[in-house]
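Peer 1: Counting in my numbering, the sequence shown runs without a single skipped number right up to 358 at its last residue.
It is worth saying that the hints were derived from the structure and are not from the lab. Glycine included, every Cβ here is placed at the ideal spot set by N, Cα and C. Wrong hints could be hidden among the right ones.
[Stated by the list, open to error] Listed below are the simulated EDC-like cross-link pairs for lysine to aspartate or glutamate, each with C-alpha atoms no more than 20 Å apart in a straight line:
(1) K274 - E262
(2) K185 - E77
(3) K99 - E54
(4) K274 - D79
(5) K115 - E54
(6) K203 - D79
(7) K133 - D175
(8) K228 - E12
(9) K115 - D53
(10) K115 - D246
(11) K133 - D35
(12) K260 - E205
(13) K288 - D246
(14) K216 - E250
(15) K184 - D33
(16) K69 - D33
(17) K76 - D33
(18) K228 - D17
(19) K203 - E261
(20) K228 - E241
(21) K104 - D331
(22) K136 - E8
(23) K294 - E329
(24) K136 - D33
(25) K203 - E178
(26) K185 - D93
(27) K184 - E273
(28) K184 - E77
(29) K41 - E30
[What the hints assert, rightly or not] Cβ-Cβ distance ranges computed for the label pairs, FRET-style:
(30) F296 - K133: 52 to 58 Å
(31) P105 - E261: 30 to 36 Å
(32) Q72 - N353: 35 to 41 Å
(33) E241 - N9: 20 to 26 Å
(34) G23 - Q48: 16 to 22 Å
(35) A29 - I304: 39 to 45 Å
(36) K260 - P226: 37 to 43 Å
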Amino acid sequence: MAPGIHTENAFETAIIDHLTSNGWFEGKAEDFDSDLALDRKAILNFIQTSQPDEWNLLKSYYGEETENKFIQRLCKELDLRGMLDVVRHGITDSGVKFKLAYFKPDSKLNPDTLKQYNLNKHYVTRQVYFSPKNNKSIDLLLSLNGLPVATIELKNPFTGQRVKEAMVQYKTTRDPKELLFQFKKRALVHFTLDPDDVYFTTKLEKSNTLFFPFNKGYNNGAGNPPAKDYSSYRTSYFWEEILSIDSWSEIIGRYIHLQKEEKIIDGKKYVKEKMLFPRFHQLDVVRKLVAHAKEFGSGQRYLIEHSAGSGKSNSIAWLAYRLSSLYNESDNKIFDSVIVITDRTVLDQQLQNTIYQF
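All chains, please: the whole structure from these sequences, using the hints.
Peer 2: As C-alpha cells, then:
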C-alpha cells in the first residue's frame, strides 16, 4: 500500500499529480484575485498568446490601460451574461472580438481549429483564498484559461470526514454571495469528493443546496466499484477520466446547460434559471451512444433503461444535440437531421422545452 495514502493531503496530491502529468497546469493560489474571483494573469496570458492581432488592435485604442480595460470589460460581461456564455462565445471590447476558450472541433476539416483548441490551459489550484473578507479557502479550484469553472472540497474518511461533511461545509461556510460562488457568474459547478464518493451541485443556497451523486454505481446500486489496486481510490475515475482534457472540455463546451423557464404570475413574466450538469449515468450513456454511432454509422438500434427521475429528457436532449453535429473518422456527417418521437404527453412537452434550449 502506498505510504500516506489515507491522509487528505495525499489524496489531494494524488489528484494534482495525475492532472499535471496529463496536460493540466498547477495554478498559484496567490495569482487568484479574490476581488474579481479570477486569475487575471492567466487570462491575459491566454488572450495575448492566442489572439495577438486582436490584442494589438485593442492596445491601439487603450494604450497602457489595455489590460485593466480588458479585465473590466470581461468582468462586466461575466456579471451580465454569466460564465458559461462568456466561455463559449467570448466577448467584444471596442468592436474587437475575443475568445476566452477554444473547443475541440467536430471534424478535422479545419486544422486551425484544432491548433486553437490546443492553446487552452487548464489549471488546478490548491487552497485558494476566495474571499477578500476572510481567510477561508477552497481545497481545489479548476480554471480554464484563468476563468474559474469548478470548485472541489475534499474529505477523507480516515480523518473522520466524508462527502457528507463537505456538503455541510458548502451549505454553512460557503457564502453564496461570495463572487466565486455566485450562481452563473463564476464557478459553474461545485464538487464534494472523498476516496469513495463524488457529489455535485450547481447552485449554493445555504441549507437549501441540493447535491446530486456523480458515482458510477455498483452491483445495480449506489456507490462506486472497488479501487483497481491499493494505490488508487474508488473515485479515481473522476480525475483520470472525467477531468481528462478532452472530457472536461467537452463537458464545459457541450453538456453544461443553463435552462430557462418562463412563468407568468399576476401578469408579470418571471424567468427561472437552472444550471444543468450531467450526472455520471447521463454522461456515460450519451458518450457510449455517440461513440458507437461514430464508429458504425446510422441505422443502429439501442435500448436504454432509465429509472424514474433519472433525467430522461435531458439525456435525450444531450444525445440529440451531439448526434446533430457528429462526423465519422472520414469527416463525413453521419446524420442530416435528428427526429425525436415519444408517446408520452408530459415527456413530449419536457423534451420540446429542453431540446429547443440546447
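Peer 1: Against this structure, judge whether each hint is valid.
Peer 2: Cross-check of the supplied hints:
Of the pairs offered as hints, the one joining K274 and E262 holds, with about 12 Å between alpha carbons and a cut-off of 20 Å not exceeded. Our distance criterion of 20 Å between C-alpha atoms is met by K185 and E77, whose separation comes to about 9 Å. A hinted pair counts as satisfied when its Cα atoms are at most 20 Å apart, and K99 with E54 qualifies at roughly 10 Å. This hinted pair checks out: K274 and D79 have alpha carbons roughly 16 Å apart, not beyond 20 Å.
A distance of roughly 17 Å separates the Cα atoms of K115 and E54; the hinted pair therefore holds under the 20 Å criterion. A C-alpha spacing of about 16 Å is found between K203 and D79, which places the hinted pair at or below 20 Å, so the restraint holds. Restraint check for K133 and D175: satisfied, since their Cα atoms lie roughly 11 Å apart, inside the 20 Å limit. Among the hinted pairs, K228 with E12 is consistent with the structure: their alpha-carbon atoms are about 19 Å apart, no more than 20 Å.
With a CA separation close to 16 Å, the supplied pair K115 and D53 stays within the 20 Å bound. As the CA atoms of K115 and D246 are separated by approximately 14 Å, the hinted pair is consistent with the 20 Å bound. Restraint check for K133 and D35: satisfied, since their Cα atoms lie roughly 9 Å apart, inside the 20 Å limit. Of the pairs offered as hints, the one joining K260 and E205 holds, with about 18 Å between alpha carbons and a cut-off of 20 Å not exceeded.
Proposed proximity of K288 and D246 is supported: the alpha carbons are some 15 Å apart, at most 20 Å. For the given pair, K216 sits about 19 Å from E250 by alpha-carbon distance, which is consistent with the 20 Å threshold. The hinted pair formed by K184 and D33 meets the criterion: a straight-line CA distance of about 18 Å does not exceed 20 Å. With a CA separation close to 16 Å, the supplied pair K69 and D33 stays within the 20 Å bound.
Between K76 and D33, the direct Cα distance comes to roughly 16 Å. Compliance with the 20 Å bound is thereby established for this hinted pair. Under the criterion of a C-alpha separation no larger than 20 Å, the hint pairing K228 with D17 is consistent with the structure, at around 18 Å. The hinted pair formed by K203 and E261 meets the criterion: a straight-line CA distance of about 16 Å does not exceed 20 Å. At most 20 Å may separate the alpha-carbon atoms for a hinted pair to count; K228 and E241 meet this at roughly 14 Å.
Taking the CA atoms of K104 and D331, the gap is about 14 Å. The hint holds against a cut of 20 Å. Between K136 and E8, the direct Cα distance comes to roughly 17 Å. Compliance with the 20 Å bound is thereby established for this hinted pair. At roughly 7 Å between alpha-carbon atoms, K294 and E329 fall within 20 Å of each other, so this suggested pair holds. A C-alpha spacing of about 14 Å is found between K136 and D33, which places the hinted pair at or below 20 Å, so the restraint holds.
Under the criterion of a C-alpha separation no larger than 20 Å, the hint pairing K203 with E178 is consistent with the structure, at around 12 Å. With a CA separation close to 19 Å, the supplied pair K185 and D93 stays within the 20 Å bound. Note on K184 and E273: the hinted pairing holds, with a Cα-Cα distance of about 9 Å set against a maximum of 20 Å. Proposed proximity of K184 and E77 is supported: the alpha carbons are some 12 Å apart, at most 20 Å.
Annotation: proposed proximity of K41 to E30 holds, straight-line Cα distance about 11 Å (limit 20 Å). The supplied range of 52 to 58 Å is met by F296 and K133, whose beta-carbon atoms lie about 56 Å from each other. A hinted range of 30 to 36 Å holds for the C-beta pair P105 and E261, which are about 32 Å apart. Range check, Q72 to N353: about 36 Å between beta-carbon atoms, so the 35 to 41 Å window is met.
For the pair E241 and N9, the beta carbons lie near 23 Å from each other, so the given range of 20 to 26 Å is met. At roughly 21 Å, the beta-carbon separation of G23 and Q48 lies within the given 16 to 22 Å, and the hint holds. Here the CB-CB span from A29 to I304 is close to 43 Å, well matched to the stated 39 to 45 Å. Here the CB-CB span from K260 to P226 is close to 41 Å, well matched to the stated 37 to 43 Å.
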